[in-house]
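Please model the entire structure based on the sequences and the hints provided.
Quick note: the sequence shown, position 472, residue 472 per UniProt numbering, numbers continuous.
Any given hint could be a false lead.
[Said to hold, decoys possible] Computed cross-link-like contacts, SDA-like style, restricted to lysine to any residue with a CA-CA straight-line distance of at most 25 Å:
1) LYS481 - LYS104
2) LYS276 - ASP358
3) LYS329 - TRP240
4) LYS41 - LYS97
5) LYS437 - LYS481
6) LYS450 - LEU514
7) LYS481 - ASN456
8) LYS284 - MET320
9) LYS504 - ARG445
10) LYS450 - GLN494
11) LYS504 - LEU459
12) LYS104 - ALA165
13) LYS584 - VAL571
[Claimed, not checked] The following label-pair restraints were derived from C-beta to C-beta distances:
14) LYS41 - GLN464: 28 to 36 Å
15) GLU534 - ALA245: 30 to 38 Å
16) LYS481 - LEU271: 27 to 35 Å
17) ILE574 - ILE252: 42 to 50 Å
None of these hints come from the bench; they were simulated from the model. None of the values given here were measured: they were computed from a predicted structure. Quick reminder that beta carbons are idealized off the backbone N, C-alpha and C, glycines included.
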Amino acid sequence: MECDRSYTTDLLIIGSEGAGGHAAIEARQRGVDVLIVTKGKISQCGASQMAGADFNVDGRSAKSLGFAGDERDSAERFFSDIVREGLYLNNQRMVEKYVEYCPKAMKDLLDWGMRVYLYESAHSEEVARGVISSGVLWVRAIRKRVKELGIPLLNDHMVIDLLTAGGRVNGAVALDLRSGETALVNCKAIILATGGWHRAYRITSGPYDLTGDGTAMAFRAGATLSSMELVQFIPLCVYWPPLAAGSICTYIFSQFPGVGEQVHLLNRSGLRFMEKYDANALEKSTKAIVSIASELEVEAGLGSPRGGVFFSLAHLGAEMIEMIIQGIKLQFLEQFNEKRHEFTHLLLDLLEQCKHGDIEVGNAAHYMLGGIKVDECARTSIGGLFAAGECSCGLWGAARVASACSQAGAQGKVAGETAAEYIKQVRLSPADREQIKSILDEVSRPLARKNGVNANEILTRMHQISGRHLWVIKEGAGLKKATAALELLEKDVQEAAVIATRSKALNYEWIRLLELRNMITCLKLSANTAFMREESRGEFYRRDFTVTNNDDWLRVLEVTGGGQGIRIEKVKPIVTSIAPPSGKFAFEQAVNVSTASLKR
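Given below as structure tokens:
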């Protein structure tokens, strides 16, 4: 069995948006032939278009770019903030590189014509520092530059698996989602920029096309993954009304200066429950603490009808709420008129509803801190394979405080630079036909079966497992159950999955099965590493190990194995200038000591 079409290029970039777009542009500007493969259409898929979007730049660098930056805010302070808030699990070399490249990536965007609204300066106890634009403007600037450089694109293609030879990558097999044809891409190097595995959770703030494809493919190819247990959940995601379900505009509103402090989170009894969990910061506490508190209220039978809590402005009265709405229109919407619909219309509709009743909100899977292990130059453990953005791991440690937008820009630029240098040193090697045949045989089997388990049933079971055992609050017994259940589910995908529609063209059931294979891999690795980490740290909370244990668990969990099982190793994080602390602390104490007053 062979692919229907083939392409040859120097550099294959999987993912077209933030990290992938920046990487492609950087590499092409350095004279490299680039091909971008993306599951959707450039500027219309992935998470980047959904961003707020802020791009972190320290105050001094911001000033050099022409913004009103604060001279007191240095690159060194920015570095320190990220390491402290990551509870010292960060690869400090990566943090240094990120801080160095944030202003470089920002300058690129300005050169490409991205419109900027304002620069948000840092304050004494805050880490807010950012150039404010919008996700839509960001991806449009990338698309424009990609077009100017003549970089070819394969839109609506899903990469199924990577090809390797002699310990390095040399290609990939992709599926044309429209025609059902398969495509071989033979190349010298690959950059993965595929985002997280948000769709593995029923409730997520991310788009549904983020299904862990790059992370799972890298693992199957033999790459080392890291910190797969670390998933960031965001509180105040809309659960009801249904038109707004999944939106985090309520959370963003809670961070607005001057009005966000007015948000009360109430349980079923009408009590402002954050008084029990963080009497000082209340609803302005960290994402982790608000998420845990909300989940505990639900567990106690005090949640809303749909498993969340209540977002309330009722104490203000209708007149004051109307004043807030008008103030947002004047001060926010007229200035940020190119923000997406969620901010320009939906938020106002929700605030209008607050005059008449409370909104149901709750936790959502928001950001994957774990992923493919890379070094500060975006290199993975496999030759010629690079990763950037959310699918990579090492920058944030146990909690992300700075912007994922600037991560995509900075790491994408670094990956493009590094891959371009690597490509100069290697020759193109032919793709292995046996590998290609094995990949095509495996993914085609469900099309040949007459009976079995369908994709929707597998998706439902997966969401039940992740929602019950891999949600905000974890414990050992549940993680064991999750691992066993996911292994059965993985077996069903491999041996029993069936597709009703035989046509390969626009076969969404087939596409869903390919995505499920990747999501289940990511969840299984997350469950295994979560069971091994016997502490609570940053965004990770275990009910049976609530202490942050620096003596025994200030370690990164690295995962290897590919198709040969799972091996997990405890590794000390890379330290350059900030020595990690010792000792054991209550989780709340460790989070509050490390966390500044404004948490992104």
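| field | Numbers of the earlier hints that this structure fails to satisfy, in rising order | value | 1, 4, 5, 12 and 17
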